[in-house]
Amino acid sequence: NRSWITFNSSSNKFELIDATKSNWPVNWVKWYGAYAFSKYYSVGLPTEAQWEYAARGGLQLEYPTDDGTLDMTKANYNGDNPGVYNPDGHSVDVGSYPANPYGLYDMGGNVWEWCQDYYSESFYTDGVEDPLNIFEGTSSKRVRRGGSWNYHSTTLLTYARAFDFEYRGNNHFGFRIVKY
1 NRSWITFNSS SNKFELIDAT KSNWPVNWVK WYGAYAFSKY YSVGLPTEAQ WEYAARGGLQ
61 LEYPTDDGTL DMTKANYNGD NPGVYNPDGH SVDVGSYPAN PYGLYDMGGN VWEWCQDYYS
121 ESFYTDGVED PLNIFEGTSS KRVRRGGSWN YHSTTLLTYA RAFDFEYRGN NHFGFRIVKY
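Following my numbering, the numbering of the sequence shown begins with 1 at its first residue and continues without gaps.
Hints are not guaranteed to be accurate.
As the list claims (entries may be wrong) - Quick list of in silico lysine to aspartate or glutamate cross-link-like pairs, DMTMM-like style, CA-CA up to 25 Å:
1) Lys-141 <-> Glu-121
2) Lys-179 <-> Glu-166
3) Lys-39 <-> Glu-166
4) Lys-39 <-> Asp-164
5) Lys-39 <-> Glu-15
6) Lys-141 <-> Glu-166
7) Lys-30 <-> Glu-166
8) Lys-179 <-> Asp-164
9) Lys-30 <-> Asp-93
10) Lys-179 <-> Glu-15
11) Lys-13 <-> Glu-121
12) Lys-30 <-> Glu-121
As the list claims (entries may be wrong) - Pairwise CB distance ranges, derived in the manner of DEER restraints:
13) Arg-168 <-> Ser-9: 22 to 28 Å
14) Gln-60 <-> Ala-162: 20 to 26 Å
15) Thr-125 <-> Asn-8: 30 to 36 Å
16) Pro-101 <-> Ser-11: 37 to 43 Å
17) Val-43 <-> Glu-15: 14 to 20 Å
18) Asn-8 <-> Ala-162: 42 to 48 Å
19) Ser-42 <-> His-152: 33 to 39 Å
20) Gln-60 <-> Tyr-32: 17 to 23 Å
21) Tyr-53 <-> Arg-168: 22 to 28 Å
22) Tyr-102 <-> Ser-11: 44 to 50 Å
23) Ser-122 <-> Gly-44: 22 to 28 Å
Hints were generated in silico from the structure; no laboratory data involved.
Since we're looking at a predicted model, the values are computed, not measured.
Glycine is no exception: its CB is placed at the ideal position from the N, C-alpha and C atoms.
Work out the full structure: start from the sequences and follow the hints.
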């Protein structure tokens with residue numbers, strides 16, 4: 001079983017399947033699942049701009065770590081050379097590495113995080129404050145940020161961007177929620 005939470009339709013609640021992974025980030029989640037979870041609990045997925053602001057910790061950090069630098073003691077990344085808390089190449093408990101200046105853990109590494117936005121090549125050139133890329137045309141590309149346990153350090157840069165299709169999930173895609 002690839003997941004450790006499930007939705008129980010009888011009780012209409014999400015439930016824990018495997019308590020040994022209760023502090024791991026949720027993964028194997030598609031954008032649709034992340035969106036549904038956030039709506040169920042009356043919260044949301046961060047916009048891409050909100051995610052980057054949080055990752056920078058109120059500063060102009062290059063990496064979303066305690067001091068903006070990156071090495072294997074600060075984040076879980078790179079499947080070829082796993083981090084100190086991850087010798088086997090997989091997710092680790094949330095909070096295994098130091099928090100950023102806002103007190104947020106794992107903004108870089110562990111799992112990619114889905115954002116609310118559709119992916120736009122022109123995100124940095126649009127010049128809109130806290131933009132939310134509203135759906136235009138026929139795209140199923142959604143933004144993901146932060147890199148993961150099996151990606152290179154460049155994907156953990158606070159300004160690094162990627163996308164994937166909203167119907168795709170795997171063992172290094174997850175999400176975090178925001179309260180509006």
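Status of each hint after checking the structure:
no.	hint	in the structure
1	Lys-141 <-> Glu-121	11 Å, holds
2	Lys-179 <-> Glu-166	22 Å, holds
3	Lys-39 <-> Glu-166	16 Å, holds
4	Lys-39 <-> Asp-164	21 Å, holds
5	Lys-39 <-> Glu-15	17 Å, holds
6	Lys-141 <-> Glu-166	6 Å, holds
7	Lys-30 <-> Glu-166	6 Å, holds
8	Lys-179 <-> Asp-164	24 Å, holds
9	Lys-30 <-> Asp-93	20 Å, holds
10	Lys-179 <-> Glu-15	21 Å, holds
11	Lys-13 <-> Glu-121	37 Å, violated
12	Lys-30 <-> Glu-121	21 Å, holds
13	Arg-168 <-> Ser-9: 22 to 28 Å	24 Å, holds
14	Gln-60 <-> Ala-162: 20 to 26 Å	21 Å, holds
15	Thr-125 <-> Asn-8: 30 to 36 Å	45 Å, violated
16	Pro-101 <-> Ser-11: 37 to 43 Å	39 Å, holds
17	Val-43 <-> Glu-15: 14 to 20 Å	19 Å, holds
18	Asn-8 <-> Ala-162: 42 to 48 Å	33 Å, violated
19	Ser-42 <-> His-152: 33 to 39 Å	36 Å, holds
20	Gln-60 <-> Tyr-32: 17 to 23 Å	34 Å, violated
21	Tyr-53 <-> Arg-168: 22 to 28 Å	26 Å, holds
22	Tyr-102 <-> Ser-11: 44 to 50 Å	34 Å, violated
23	Ser-122 <-> Gly-44: 22 to 28 Å	23 Å, holds
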